[in-house]
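Protein chains in written order, with our numbering: chain A, 1 to 254; chain B, 1 to 254.
You can trust all of the hints, since none of them are fake.
If you anchor each label on the Cβ, the simulated ranges turn out as follows:
#	chain 1	residue 1	chain 2	residue 2	range
1	B	Arg-38	A	Gln-236	41 to 51 Å
2	A	His-40	B	Ser-66	53 to 63 Å
3	A	Pro-187	B	Ala-69	24 to 34 Å
4	B	Lys-132	A	Glu-183	26 to 36 Å
5	A	Ala-154	B	Lys-71	49 to 59 Å
6	B	Ser-231	A	Ser-66	23 to 33 Å
7	B	Gln-130	A	Gln-236	30 to 40 Å
8	A	Ile-94	B	Tyr-250	24 to 34 Å
9	B	Ala-69	A	Ser-113	47 to 57 Å
Derived from the structure by calculation, the hints contain no laboratory data.
Predicted model only: the values in this text are computed from it and were never measured.
Even glycine gets a Cβ: it sits at the ideal position worked out from N, Cα and C.
There are 2 protein chains.
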Amino acid sequence: MIRVILLGAGNVAQHLYKAFYKQPAITIVQCYNRKGVRLHPDQNENNVTKNIASIKEADIYIMAVSDDAIKTLSSQLPFTNRLVVHTSGSVPMIAINNSNRQGVFYPLQTFTSDKAVDFAKIPICIEGDQEKDLFLIERLALLLSKKTYQISSAQRNILHVSAVFVNNFTNHLFSIGNDICKENNIPFEILHPLLQETAKKALEINPNKAQTGPAMRNDTKTIARHLKLLSDPSQQEIYQTLTKAIQSKYGKKL
Amino acid sequence: MIRVILLGAGNVAQHLYKAFYKQPAITIVQCYNRKGVRLHPDQNENNVTKNIASIKEADIYIMAVSDDAIKTLSSQLPFTNRLVVHTSGSVPMIAINNSNRQGVFYPLQTFTSDKAVDFAKIPICIEGDQEKDLFLIERLALLLSKKTYQISSAQRNILHVSAVFVNNFTNHLFSIGNDICKENNIPFEILHPLLQETAKKALEINPNKAQTGPAMRNDTKTIARHLKLLSDPSQQEIYQTLTKAIQSKYGKKL
Ligand SMILES: NC(=O)c1ccc[n+]([C@@H]2O[C@H](COP(=O)([O-])OP(=O)(O)OC[C@H]3O[C@@H](n4cnc5c(N)ncnc54)[C@H](OP(=O)(O)O)[C@@H]3O)[C@@H](O)[C@H]2O)c1
Ligand SMILES: NC(=O)c1ccc[n+]([C@@H]2O[C@H](COP(=O)([O-])OP(=O)(O)OC[C@H]3O[C@@H](n4cnc5c(N)ncnc54)[C@H](OP(=O)(O)O)[C@@H]3O)[C@@H](O)[C@H]2O)c1
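All chains should be modelled from the sequences, with the hints used to inform the complete structure.
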């Protein structure tokens, strides 16, 4: 049995609550958050506190709070030498105050509060300062997902910047496609199958091998015509920057 | 019964052959290509020609040839006043020599020769100069896919530039994510579920509503740290350009 206390009440805390709650080998002893709100309608109010001084005892304290709050909150905890982990992709493990034992439990996925997630499919990146703590974090992670990886803080940083490209920037490209279609009365749905196939291909073959398009073909006529079609300077700049990058990566020059 | 002649022997011609071949309402009368190769192992050699002068009669001639070849090849056809269409996303319909009736049959998907495709899921963008031709092109398209859209040459241009963002540029971002991971001995597979979820979300909600990340949050500390982590100037430039674009789109300034 692993006894867990969850700190925070945002997206990640709520999704973790639901996932832990389903596992008989995990007990959620208590939840702490500034407003004292429950993380789930089934949760007993007595198991919620907004008073940091009344946090109970547990095997692991999971701080699913904003990146900026990790340092402060960990320094305010009213106990020492217990295992405290955060859930962030970009904060180093040592940001956790060293009056307690440190660790990381980072679920690498994008969470939205109203959208159910299947933790079995989510990679969990774990880190622990002490070996026995790492084992406990790993046991906890494996109860949710077999895709559990030991990742150092330095590697987690790299993963996080890659995730920005794969998720945030990609989404911005999708939003440009959507905007351009909307402005020209074309349903963006026409592009949905292409969008799906693009993602599917990247999972099946190395994306370096899947590169196609006017930049790859060095098709300067099409590139010039596209740039004329784009009226938004930001869209033009993105088009140019990415075209240049593809051409220089694959050895073709404008 | 629609009698079709396919010109070209590349990716698109081969996939169209397979799809037409399955439809009892479509007869592939003949295939023309420069090398006289068959498009399918089942094809009878007598139905292939590399001699443009011996092209037979059909209801519709589909030129699935390189964009640059559409104009020339259409001017070399040894007949007049028949329906000739191309399959390109970026070439205007009127690039087809006007000695024949013009049209477009553009399947909006990315094709790879060795990867089977399900045409039922592929949007087909059609155009025709004459109404009766448009109807024939539409009937042919509907036999392959219910997702058939009448799209003007101008709209097709817009779709094509959107497709560059959604497919080619997105793939380049995936390839950067992959490269960064590889360089740091991190399996790119850890990012696969995030990549899938990013695409899935864009199909379910407007991508403008799905935007997250350091740029969106105006998290200048993380942005600066990420830029330091990137050693490749092209990756840095893309990071900066997209960060700036997201910030200016959603009203936050660095
Ligand atoms: N969202 C994702 O997709 C995702 C994915 C993986 C990892 N993460 C990481 O998980 C952590 C939580 O993210 P989230 O998306 O759940 O954030 P969120 O929805 O914005 O929730 C943040 C939570 O932190 C609390 N908080 C902020 N400052 C605090 C302080 N000084 N003391 C105590 N509590 C404080 C907030 O409390 P109030 O409600 O009282 O403001 C809120 O409950 C972050 O480290 C994030 O990087 C997020
Ligand atoms: N690939 C895609 O994902 C995709 C998707 C939608 C639409 N399209 C469009 O479909 C068309 C064909 O694309 P593709 O991917 O099938 O191209 P591809 O695989 O490169 O094949 C091009 C074909 O065109 C032929 N060709 C080139 N120049 C010619 C000429 N002067 N006379 C006769 N034949 C000539 C080539 O013949 P040789 O074999 O003898 O060189 C080859 O059979 C293009 O307009 C393209 O924009 C492509």
